[in-house]
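Listed below are the residues making up each chain.
Number of protein chains: 2
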Amino acid sequence: MHSYTEENYLKALFNLANSKGEVSVNDLSKHLAIKMPTVNSMVKKLADKKLVHYELYRPVRLTDKGKKEAGLIIRKHRLTEMFLVQKMGFGWEEVHEIAEQIEHLQSPLFFEKIDEMLGYPTVDPHGSPIPDKTGKFDWTHYEKLSDCKPGETVKLVAVIHTTDEFLKFLNSRELYLGLKLKIKSVERFDGSMIVSYNKKTAESLSLTVSERLLVAKL
Amino acid sequence: MHSYTEENYLKALFNLANSKGEVSVNDLSKHLAIKMPTVNSMVKKLADKKLVHYELYRPVRLTDKGKKEAGLIIRKHRLTEMFLVQKMGFGWEEVHEIAEQIEHLQSPLFFEKIDEMLGYPTVDPHGSPIPDKTGKFDWTHYEKLSDCKPGETVKLVAVIHTTDEFLKFLNSRELYLGLKLKIKSVERFDGSMIVSYNKKTAESLSLTVSERLLVAKL
DNA sequence: GTAATAACTTAGCCTCATCTAACAATATAA
DNA sequence: TTATATTGTTAGATGAGGCTAAGTTATTAC
Numbered sequence: 001m002h003s004y005t006e007e008n009y010l011k012a013l014f015n016l017a018n019s020k021g022e023v024s025v026n027d028l029s030k031h032l033a034i035k036m037p038t039v040n041s042m043v044k045k046l047a048d049k050k051l052v053h054y055e056l057y058r059p060v061r062l063t064d065k066g067k068k069e070a071g072l073i074i075r076k077h078r079l080t081e082m083f084l085v086q087k088m089g090f091g092w093e094e095v096h097e098i099a100e101q102i103e104h105l106q107s108p109l110f111f112e113k114i115d116e117m118l119g120y121p122t123v124d125p126h127g128s129p130i131p132d133k134t135g136k137f138d139w140t141h142y143e144k145l146s147d148c149k150p151g152e153t154v155k156l157v158a159v160i161h162t163t164d165e166f167l168k169f170l171n172s173r174e175l176y177l178g179l180k181l182k183i184k185s186v187e188r189f190d191g192s193m194i195v196s197y198n199k200k201t202a203e204s205l206s207l208t209v210s211e212r213l214l215v216a217k218l
Numbered sequence: 001m002h003s004y005t006e007e008n009y010l011k012a013l014f015n016l017a018n019s020k021g022e023v024s025v026n027d028l029s030k031h032l033a034i035k036m037p038t039v040n041s042m043v044k045k046l047a048d049k050k051l052v053h054y055e056l057y058r059p060v061r062l063t064d065k066g067k068k069e070a071g072l073i074i075r076k077h078r079l080t081e082m083f084l085v086q087k088m089g090f091g092w093e094e095v096h097e098i099a100e101q102i103e104h105l106q107s108p109l110f111f112e113k114i115d116e117m118l119g120y121p122t123v124d125p126h127g128s129p130i131p132d133k134t135g136k137f138d139w140t141h142y143e144k145l146s147d148c149k150p151g152e153t154v155k156l157v158a159v160i161h162t163t164d165e166f167l168k169f170l171n172s173r174e175l176y177l178g179l180k181l182k183i184k185s186v187e188r189f190d191g192s193m194i195v196s197y198n199k200k201t202a203e204s205l206s207l208t209v210s211e212r213l214l215v216a217k218l
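Heads up: the protein sequence lines correspond to chains H and V, in order. Each residue of the first sequence is one higher than the last, beginning at 1 in the working numbering. Each residue of the second sequence is one higher than the last, beginning at 1 in the working numbering.
The hints are simulated quantities; they were obtained by calculation from the structure and are not laboratory data. Keep in mind that a hint or two might mislead.
Which copy? The list can't say, so a pair holds if one copy fits it or any two copies do.
Taking lysine-lysine and the DSSO-like style, the derived pairs with C-alpha atoms no more than 27 Å apart in a straight line are [as the list claims (entries may be wrong)]:
| no. | residue 1 | residue 2 |
| --- | --- | --- |
| 1 | Lys45 | Lys149 |
| 2 | Lys200 | Lys217 |
| 3 | Lys44 | Lys144 |
| 4 | Lys168 | Lys113 |
| 5 | Lys113 | Lys87 |
| 6 | Lys87 | Lys133 |
Kindly generate the complete structure, drawing on both the sequences and the hints.
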């Protein structure tokens with residue numbers, strides 16, 4: 001098994017690699033708030049364990065083994081978040097910190113039980129997919145709200161870059177997963193969007209926000 | 001806050017000190033499965049932090065501060081065990097290992113929620129008292145089954161030295177908390193007891209077992 | 001009351017995960 | 001295309017929490 005620390009590096013690599021597939025030592029260092037030389041030596045250690053591909057002065061890529069391990073940790077994290085929200089009554093903005101700790105528990109039985117109690121969910125409370133027991137998952141191809149056109153009606157299916165503050169902001173605007181949104185117009189100037197949903201007929205969402213909301217077209 | 005390791009030392013001291021109030025370095029070493037020199041240096045560290053009283057070549061005693069800290073960890077452990085049994089359907093023999101890990105989580109909110117969901121319980125699934133929010137608790141004075149006399153009828157209220165195997169043994173004999181037992185006789189020779197409960201009219205319990213069962217007289 | 005045993009302590013070493021300081025390579029901009 | 005800035009690497013230190021080997025103090029047995 002891997003150490004608490006190694007697990008955090010794997011998870012960070014997994015999350016950062018989503019777009020490019022490779023991650024610079026610098027990105028990792030910033031994301032983990034750990035100095036570069038430390039990250040550098042840890043990356044070498046992960047390479048020794050065949051969890052990442054690494055060459056001097058080159059970005060890092062997870063190996064298949066590394067992807068699997070990372071996927072399994074993310075699985076535990078997301079199952080936990082779902083459990084905290086659905087079975088314990090936490091808000092979606094409260095669960096990240098706690099799941100961050102619980103994901104490291106060594107008890108397959110515990111996570112089996114959670115999975116079962118939740119009815120084998122496929123997404124977490126923020127709409128992110130939960131990897132399966134082999135560590136694999138697919139992001140069904142959702143669009144960013146910011147890529148949609150006026151006149152379209154869409155359903156909010158996931159939230160990305162989920163920070164505390166952002167989720168609280170969504171709460172305050174009554175923006176929840178599953179919500180139907182109609183796009184009324186897009187402001188040329190700053191990319192902000194005017195949308196309607198529920199009883200709100202003209203809410204404005206900045207580009208910063210609409211880029212973080214994933215939707216399915218209806 | 002204290003490290004994971006320090007928390008384990010505090011918890012061990014708390015558990016071992018129950019009878020004598022003081023604990024030898026040797027006992028601690030055996031209980032934690034950590035070599036004496038390591039324990040020795042850790043004890044000094046705890047003394048620096050005013051968590052234990054310590055003099056060279058003398059046993060160790062928790063300070064009031066240390067007792068409080070330890071009590072709060074035990075509280076988290078026992079609340080967790082109760083949660084695992086009552087809300088997640090685990091058996092009382094399965095929860096120790098998991099609680100051992102969860103007790104170290106840093107999230108007051110998480111344990112508040114558990115406490116609330118359980119209706120502020122005062123004992124864990126094995127009948128041990130759950131310390132309050134100041135780390136204090138009282139072992140209501142229960143008697144060992146082994147100290148009872150033939151003819152008495154008692155209620156099983158707690159189990160001590162709870163290992164996996166022992167709890168499984170109790171399961172197999174259908175010995176659960178709350179059970180009424182009548183003591184029929186005690187064997188002079190080896191201290192074993194013949195008791196009746198439920199539909200069983202003459203079950204034999206060895207001294208090893210009856211010393212680990214706490215009862216209240218009826 | 002001494003000798004043997006058990007318990008305790010000290011000294012010194014190890015690994016893990018972190019750091020800083022200094023140097024090397026690559027990328028960017030003039 | 002050379003100068004500068006950014007990114008990456010190496011070397012060496014640190015603190016936590018372990019270990020073994022060797023010596024010291026208590027305790028137990030005779």
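*May I ask which of the numbered hints given earlier this structure violates, with the numbers listed in increasing order?*
1, 3
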